[in-house]
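Heads up: the protein sequence lines correspond to chains F, Z and R, in order. Position 54 of the first sequence, counting from 1, maps to 54 under the working numbering, and the rest follow consecutively. Position 381 of the second sequence, counting from 1, maps to 381 under the working numbering, and the rest follow consecutively. Position 17 of the third sequence, counting from 1, maps to 17 under the working numbering, and the rest follow consecutively.
Think of the hints as simulated: they come from the structure by calculation, not from any bench. Quick caveat, the model's predicted, so the values are computed rather than measured. Do not take every clue at face value.
As the list claims (entries may be wrong) - Pair by pair, the computed Cβ-Cβ distance ranges are:
#, chain 1, residue 1, chain 2, residue 2, range
1, F, A130, Z, E275, 16 to 24 Å
2, R, I43, Z, I233, 53 to 61 Å
3, R, R62, Z, E275, 23 to 31 Å
4, F, G67, Z, E275, 29 to 37 Å
5, Z, E257, R, R45, 48 to 56 Å
What the hints assert, rightly or not - Now the stretches of chain R that chain F is said to cover, found in silico as 3 or more residues with beta-carbon under 8 Å:
#, segment
6, 31-41
7, 50-60
Ideal placement from N, C-alpha and C gives every residue a C-beta, glycine not left out.
Take a look at the letters that make up each chain.
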Amino acid sequence: MTEMADAERYLLLRAGDAFCALPLQQVRRVVRALTIHALPGAAPELLGLAEFAGEPLPVLDLGMLLGEASSAAAGSQVAGVTVVARIGDSEPPEIAGLAADEALEISALEMTRGTGASGRHGMVVGEALAGERHVTVLDLAAWKAA
Amino acid sequence: MIDRATARRAMAQEAARWFAIVTVSVAGIALLLVAEAHGAPAWMVGAYALTCAVALLLYRFLVVPSMRELEARHSATRSALDHLGKALEHVRAGDLVHAGREASDVPGRAGASLAGAIGALEVIAQRIQGGSTDVAGAATAVNRIAAELASASSEQAASVVEITAAMEELARTAGQIADSARAQAELAERGEQIGHRGASAVADAVSGVEQVRERIASIAGRAEALDVSAREIFRVLDLITHIARETHLLSLNAAIEAAAETGESGRRFSLVADEVRRLAQRAQESANSVRSLLDDFGASVRATVVATAEGGGQAAQVLEHAQAGALAIDDLRAAAVAAAGAAREVSSATHEQEAAAGEVVATLREASSVVQQIAEGLRRFSETSGRLQALGLDTQLMAQTLRLASDHSLKHVVENWLEVLRPRLGNWSAIEGLLEDFVVRLPYVECVYYYETDGGRTMLVVNRQILGDRSLPTAVMEGIGFTERPWYKMAVASGRAVLTPPYESTLSHELIVVAAVPALQDGRLLGVLGLDVNVDAWTRA
Amino acid sequence: MRPVPTVLASGEEFMLLRRHGGLWAAPGSAVHACEAQAGERVILRLASGAQLEADQVLGMVRGLGVRSLGAVLRTCWTESARGLAVHAGEPCVVIDEAAPPEALRFHGGVASEVEE
Chain F
1 MTEMADAERY LLLRAGDAFC ALPLQQVRRV VRALTIHALP GAAPELLGLA
51 EFAGEPLPVL DLGMLLGEAS SAAAGSQVAG VTVVARIGDS EPPEIAGLAA
101 DEALEISALE MTRGTGASGR HGMVVGEALA GERHVTVLDL AAWKAA
Chain Z
1 MIDRATARRA MAQEAARWFA IVTVSVAGIA LLLVAEAHGA PAWMVGAYAL
51 TCAVALLLYR FLVVPSMREL EARHSATRSA LDHLGKALEH VRAGDLVHAG
101 REASDVPGRA GASLAGAIGA LEVIAQRIQG GSTDVAGAAT AVNRIAAELA
151 SASSEQAASV VEITAAMEEL ARTAGQIADS ARAQAELAER GEQIGHRGAS
201 AVADAVSGVE QVRERIASIA GRAEALDVSA REIFRVLDLI THIARETHLL
251 SLNAAIEAAA ETGESGRRFS LVADEVRRLA QRAQESANSV RSLLDDFGAS
301 VRATVVATAE GGGQAAQVLE HAQAGALAID DLRAAAVAAA GAAREVSSAT
351 HEQEAAAGEV VATLREASSV VQQIAEGLRR FSETSGRLQA LGLDTQLMAQ
401 TLRLASDHSL KHVVENWLEV LRPRLGNWSA IEGLLEDFVV RLPYVECVYY
451 YETDGGRTML VVNRQILGDR SLPTAVMEGI GFTERPWYKM AVASGRAVLT
501 PPYESTLSHE LIVVAAVPAL QDGRLLGVLG LDVNVDAWTR A
Chain R
1 MRPVPTVLAS GEEFMLLRRH GGLWAAPGSA VHACEAQAGE RVILRLASGA
51 QLEADQVLGM VRGLGVRSLG AVLRTCWTES ARGLAVHAGE PCVVIDEAAP
101 PEALRFHGGV ASEVEE
């Protein structure tokens, strides 16, 4: 688990009814939803492969990582986004896509409660308040095999 | 005529008498010879013998002839009485033919008187037979005519009742038609007035609807233009939304890039990016707000377009119907005028028809009553004539109980045919030929048959003139059960021609009487000849 | 900041296949024989003896930039592969001829359909 400084800046995202915050340092880019090619035999949270900047990119379902039911962008009224982010703590860093419904804003948050490593692949680390909204704080560096 | 028994009895009496005389004479001579032996004079014996001889000669030449004459007279008287008895026996049996023959054998005045009496009786009986046949024939004809009249009269009465009922219905209907026609005339007049007013109202309505239709068409044109504009605005809004989203992402990525930078420039870049993001968000919110308003407006415009299109269509339909209605009302007005005139004429004509029908009904009711009285009278007349026919038949059959030397006498006819048949008895084909001849000559006979007692055989010939081509029961054709029939038993019991009471024929199911006669030879029954006489055909013949 | 791609075999020739809608690359040296089936279907016999089934063979390509699978794929995908690449803007899986994915395997008889 990576220690995070207080009042760190986060990218706020929505996946279905859930809201979450990603540390801004782990985010590389936010783009309109990439075309995903399904991979036979993949786990449910791995939506498939996409192409980003000429490179292959595995895309994960953000909602499922938060422990929600499937699936990001499905049936959403708003055109979805793919967040390209660094995942895990390997060197050189590994890049993956996170499929979300909406990228809301960049905001400085203070974590109100630490939950320890939970959620799928142990990346949920706590909760915070963004305005009046409760958001789940993720740490992508905490990625580990389920 | 002296029969053999009587002659033998007379000879025996004669012999007995001679035996007694000879015995007395011999006994006397023997006594004289005994007396002479005891001393009596010889002349006395001679005298006695002479006396006996004289007595014998006297008996032979004087007494015997007179006795023979007496016996002859007695025999003749007995024969006459015998014939007289047989004649009377035939009379008792109703056989005046045989009775007449027996009476002719009775000698003297008695015989003449008897023959005369039987002759007179036969004449009277013949007249009765002939008369009864005529009466029965006339009664049958009367009865038939009466029955036909009664039937026709009943039908006539029923027809009159039907006609009366139909006429009453006609009169009633005529009354209803008259009432309806009057009401119709009134309605037609009212219709004519309403038609005038309706035509005017419809013309106003047509004009009004035409104006409405034009206004609706104008509204529809404007609404469609509005709808086109709204769609254009939507397209612009989509573009604004798209740009705002792209700007939003761009501002986020700018902020991400700024976060990677350190120092004052990174912080300022981050502020600018955040400002851009806010602008993009406001643009998107404004676009969403306009879109929401435009959604409502577009829906209203589309609803207006749809409503005006429907309204225009309906207005056109109303206009079309109103124009058709105006034409129809014109036609209706003309028809109402014609109908009112026709109804008045119908009302007048049916009033007259009603009155005429009422008179006809009254007349028909009277006629119906009279016809019913006639029918009732004829029915009674038919019943009376039926009884008369039965009485005629009774009289006819009663007269037929006598056998007369007449073709009207059925007993005489059947006896005569038996005499024709008798020489051929035993020759079965000859019998058949004769029976066929009988049927041809006796057209009132349904069938003729001869039943042979010894073999139990039957020859039966039917008259197809009466029976037509109907099939005949096998039992009848083969004579099964004939010996149990009344005609057979009566004929065998009486030993002469008989006539049965009338009964229904098993062949024609009409009334018949059977004339039957036994064929006898030396008192032995050979068979029975029978004729089934169809009463109706016989009476008419 | 960008990760340096690990090029495993830049000059190698690959056969590009389409199967279940995805793009797959088989090393050209591993393909022993091709057998055309009905339509565009093809059965590939690999040198290892395994048989693959493809809905369509797109052709041969040289100079494919093959990247390693990475932790995410190794965790969330049960199959093994030599790596990932991009061809004409579409990602593709470069198969390991020794252990080709179940989705591509041909088991004989009627062409197999693998549940995704």
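Cross-check of the supplied hints:
At roughly 19 Å, the beta carbons of F/A130 and Z/E275 sit within the given window of 16 to 24 Å. Separation of R/I43 from Z/I233 is about 57 Å and conforms to the stated range, judged on CB atoms against 53 to 61 Å. For R/R62 and Z/E275, the Cβ-Cβ distance of about 49 Å falls outside the hinted range of 23 to 31 Å, so the restraint is violated. The hinted window of 29 to 37 Å between F/G67 and Z/E275 holds, with their beta carbons roughly 35 Å apart.
Between Z/E257 and R/R45 the CB atoms are about 51 Å apart, so this pair conforms to the stated range of 48 to 56 Å. Chain F is given as covering the segment 31-41 of chain R, and this is violated because 0 residues of the stretch bring a CB closer than 8 Å to a CB of that chain, at least three being needed. With 0 residues having a beta carbon nearer than 8 Å to a beta carbon of chain F, the segment 50-60 of chain R misses the requirement of three or more and the stated coverage is violated.
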